[in-house]
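There are 2 protein chains.
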Amino acid sequence: MSNELQPFFSPKGAALIGASSNAQKLSYGILENMGRYGFSGAIYPVNPKAHEILGHTCYPDISQVPDPVDLAVIVLPAPATPAVLQACGERGIKFVIIISGGFREVGGEGISLEAEVLRIADQYDMRIIGPNCVGTVGLHSGFNSTFINGLPDVGSIGFVSQSGAVCGGVVDYVIGKGVGFSVFASLGNEADITETDMIAYLADDPNTKVIAAYVEAINDGPRFIEVAKKVTRKKPIVILKSGRTQDGARSVSSHTGSMAGAHAAYQAAFKQSAVIEANTISELFDIAMVLGSGKLPKGNRVAILTNAGGPAALLADSLSVNGLTIPDLSEETRQTLRAGLVPSAQVQNPVDMLGGASPAEYKLAVSTVLQDPNVDIAIPVLVPQSLVSVEDVARNIIEAAGTSDKPVIAFLMGDHSIQQGRKILHDAGIPTYAYPERIGPALGALLRYAKRISTADESATAKIKANQTAAAAILKGKTSLGEADTRPLLKAYGIPVVHGAVATSAAQAAQMAQQFAGKLAMKIVSPHILHKSDVGGILLNIEGADAASQAYEQLIRQVSKAKPDARLEGVLIEQMARPGIEVIIGMQRDVQFGPLLMFGMGGIYVELLTDVSFRVAPLTRQDATEMIMETKAGKLLQGLRGAQPADIDAVVDTLLKLSQLALDFPQINEIEINPLSVAGQGAGVLALDGRVILS
Amino acid sequence: MSNELQPFFSPKGAALIGASSNAQKLSYGILENMGRYGFSGAIYPVNPKAHEILGHTCYPDISQVPDPVDLAVIVLPAPATPAVLQACGERGIKFVIIISGGFREVGGEGISLEAEVLRIADQYDMRIIGPNCVGTVGLHSGFNSTFINGLPDVGSIGFVSQSGAVCGGVVDYVIGKGVGFSVFASLGNEADITETDMIAYLADDPNTKVIAAYVEAINDGPRFIEVAKKVTRKKPIVILKSGRTQDGARSVSSHTGSMAGAHAAYQAAFKQSAVIEANTISELFDIAMVLGSGKLPKGNRVAILTNAGGPAALLADSLSVNGLTIPDLSEETRQTLRAGLVPSAQVQNPVDMLGGASPAEYKLAVSTVLQDPNVDIAIPVLVPQSLVSVEDVARNIIEAAGTSDKPVIAFLMGDHSIQQGRKILHDAGIPTYAYPERIGPALGALLRYAKRISTADESATAKIKANQTAAAAILKGKTSLGEADTRPLLKAYGIPVVHGAVATSAAQAAQMAQQFAGKLAMKIVSPHILHKSDVGGILLNIEGADAASQAYEQLIRQVSKAKPDARLEGVLIEQMARPGIEVIIGMQRDVQFGPLLMFGMGGIYVELLTDVSFRVAPLTRQDATEMIMETKAGKLLQGLRGAQPADIDAVVDTLLKLSQLALDFPQINEIEINPLSVAGQGAGVLALDGRVILS
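Going line by line, the protein sequences match chains A and B. With the first letter of the first sequence counted as 1, position 282 gets the number 282 in the numbering used here; the numbers rise by one all the way through. With the first letter of the second sequence counted as 1, position 308 gets the number 1308 in the numbering used here; the numbers rise by one all the way through.
Honestly, the hints are just simulated from the structure, not real lab data. Warning: the hint list may mix true and false statements.
The calculated lysine to any residue pairs, modelled on SDA-like cross-linking and capped at a C-alpha distance of 20 Å, are [to be verified]:
no. : chain 1 : residue 1 : chain 2 : residue 2
1   : A       : Lys-657   : A       : Gln-468
2   : A       : Lys-25    : B       : Ser-1358
3   : A       : Lys-561   : A       : Val-535
4   : B       : Lys-1632  : A       : Thr-631
5   : A       : Lys-632   : B       : Ser-1358
6   : B       : Lys-1177  : A       : Gly-176
7   : B       : Lys-1025  : A       : Ser-358
The shape of chain A in the complex, shown without the other chains (with noise of 0.2 Å):
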């Protein structure tokens, strides 16, 4: 995969179709932008009307364009497209980039065309970017095949966008703040060439070192996490997901459906593929930022070196909520802080030089804490001072920080006097940031990217053993499965429920009783009784078949007493259930991911808290440990306030079981076992209550 869409960023020669010599056209910024940047490779603009535009020499059509020429670029109506694009194919053109709109977009009309485009790129094997999109930049290659005014500097983020107005917004954001990119692309509708194919792409450029994009949909969701998973073992992706809320008109049928938004798919294909999920346009490149930077630190804990008390608290505030510490600084670190520093300087950490605190003050302070075997992050913060040189500052920060392998990052507290000390620290790779709260989101980001890679579980999940073909008998001709069919079902796969079942006379259940160990429930059926308690029809903690013939003749008795007029089916006769902790596991199929796993806390609190978590299959054990981990749930099944804990590894394994099944029958739209009774350590799990629905 490595190189083959290299030409999109560095090719060696670029035809621009439908170039315009009208300085008011989308096409003659492009053709601006094209020889503006220091590219070196040749630039052909093709126009039938015109001989020479902005100094190149204007080609016909594309069939006369000279070598070499690997990339074309269409700027016409969607209409005209396809038989350019026909007439690239035979010019032996294998790149194509289609900034033009009118397609899928659009609807009606505009489908066929994107078809016929696809076709056509399939009949010359060419590659194509768009419709519908802003283009590409290589910024290491000085090409530009965007219209967008001015650019941001060389550097390492890899930038992908679904969104052309994103990365056009991008671009104004960043220019002249030192934030350094690789790439550009716009990818528009995404007719050939995914989000997916350019994350594989990057993965391998030598000039990326942080892959950033922003989404609004992975249509090849398996893909997309197979990908993903191989890409972050070696280069950091970021990710900004828009649409997190739209719920869209989705209908509930249980639990897990209305638990799950469309977004929770998202988030755990990132989790599960260690990619790093931002939150905001901010946090995107303040992520990407710290990621790009190359260093990963060995723990969460900070040292805050700082001219101003109030900025360091706003500082500690963002890091804390971010899962970051504060600690103490060893006595030698203090002593040769108290050596060094002022007086009245503060050697705790946060470390508080003063006001005045000078250039090499700085460079004492972070070069010493970096050797602090307590400190994990420096973080030397400014707030501007008349008297003392913002530049020097960052200097003397920059060379500390070549002292050590944790990462520095710094935070300069305002935009008019830093900008000139933050692009100088940008250009050393120092992370830095004019706002206190955008480092803990940061950092954060750092440090699960930093867990993930190091934890991530690549082996394949064991196969689980189970009856299929007893699972596919029950779910035939079905569309949906109540309490009674759910039962064998999850049994054909090893899920432990609980026994039931209807008996007819006093016989039966002597034989059901001696079926199911242990004590039993024993509830009067009928349609016509709501309340059974009230007419003496239920029984409980019945043991052993001769109880059970008893119980059965009683319960008949009382409730034919009590109700005379009611019609009785028979006596339900269920085990009871140990005491455990109630959990609800679940799972509901996404259109894009597949079968999404959840789990979260039991009986009422699942709507009330929506404590829970998802992951999508198939699940490896580690997936389903950490799904129990991140809720609550799974902190009182550890076990609350010296409390025994309870079978995680049951838990574990039952969602290992779902995920099998789930993945086994792809009719099976959602999967509901609520609750799941968890027993202490060993003793296993019950499924109470489940139901299924299928396609």
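Take the given structure of chain A and dock chain B to it, following the hints.
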């Protein structure tokens, strides 16, 4: 109170004591700033060694300074300050800013120096800002007593800060962005003038439309609440409080020496006084900007008008998570939009006018949706396009906004290309944001403010009837109360408690059964028996005197037989609690704010879910109701999934009674009722267990 602090921002004449002619000194920078921004009052540098500095005549000491002089700014070493302050008092100066540090914040001698400053201020009836501060700026008068480089635009945000560095950083952020301020006040150690004094002053300042504050600690909590409650009725207050987390609090206390209270008390106090809390520096100004625009929305329905889909999707996410909705537009609105916009425009909400949207289209779209009865707020969104003038769009948005009382907020995506457009919008009073994620929190805060001031309940809390004498007797000489003593204490304040007492004879048991209505639980009391039920030591559902007498004998007999060696001390007789929802109610005395009431879900869930809310005593009924409703326990009480609602009124009463109890007895540090069992509507509450800790 009104204009009493005005000379700090607009003096007739200001003396700068400690003025230096050395450009490397802070006081030189202050003198420059005093003369730089159009201040028309007199400026008098005071320095015995100079005749003139920066063109101002210099005076050897303050006694020599001519009239008019009503403000002194002192920049001298701390030990020299008291004598100079004394001289100011003798000269008749009533307003003094002490910039110098070296007072309480350094401890030791500094503490007595600050006490001396206060004594002198008192003697001469002077008001002091500082010491250890950055000074003040009155943007409308042009007066500037700080050494901060640069100034923001003149406008209507009054900013108060307990950190000079945060003041300086904020100025640095906003320079050139068109965000307008009325005053800056850095309060330093707040030896005399506190954040509350300054808020009270700004409430009457005609140039200030919104008060924004950065706060590390509020030392007089009750006075803050009293003042803020009044001020927010006419002018919004937004506060950023640092030390929200343990780590943040530690940074603050190491910085100023004032103890930061638990953040829960601050949050409660802010809610009760309709102060809007900002979570970050950005939010502080994002919220101030929209609160200062002067238009309050009638509801939460937002129309989005955009020239690009991606940014609108991100905006919709941000709005949705902050309680705003994107409603359908009326058919009439859609028809007008369809007629006025390009044919392929999307006239659903968000209205997508497509990339080429012109200034005239923005005007049409904004003014049209503002007339729609389904819309409360309009947000035009612009991603810069090469062929559309951002400035023209800005002017057209302003014209459209002028046609309606509904708020209009602009989202201009980018930085580089939108600066002029943003300035034009800000100058016209239209809050403008560059990031979608910053709009939701700002509008959410605007809605909260609109709601709080419309529902604020100023009625005094009704005095609770209580038996204070009985309560005093119970508390006398105690350091803590167990369950047995807590019961009568709660009863003295009219809180229903489960009856319970130890009987030492069958006759006494019979007597208690007559006294406690309903069913009883009876339990053996013995220091030698751990598991009562194992030895037949518990009987339930006992009703009536005879049954109680028999049960007493039975318990003694059974247990004596099972455990012949155990010493039996009697039988605990308790009313059986009716089934109810278990909640927790508590009180903890906060250093700054006094009694802090707590409500939340009871049982093991308190710790697991941390589903709790807080308010400061005295509570109003509305406070108590709100604290219930903002928790998940409150949702449970309201009746989940068709369940009958519980007696929320009785919970409100209990909170009010606990509030009264805590106010009546300052020696009580903590009270906890856990669980309080809440029965159905009208059926009341019952405290099942409780304890009290005294100081």
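Quick rundown of the hints versus the structure:
1. Lys-657/A with Gln-468/A: holds, 12 Å
2. Lys-25/A with Ser-1358/B: holds, 16 Å
3. Lys-561/A with Val-535/A: holds, 9 Å
4. Lys-1632/B with Thr-631/A: Between Lys-1632/B and Thr-631/A the Cα gap is close to 16 Å, so the pair holds against 20 Å.
5. Lys-632/A with Ser-1358/B: With a Cα-Cα distance of about 51 Å, the restraint between Lys-632/A and Ser-1358/B is violated, given a limit of 20 Å.
6. Lys-1177/B with Gly-176/A: holds, 17 Å
7. Lys-1025/B with Ser-358/A: Cα-Cα ~15 Å, so holds.
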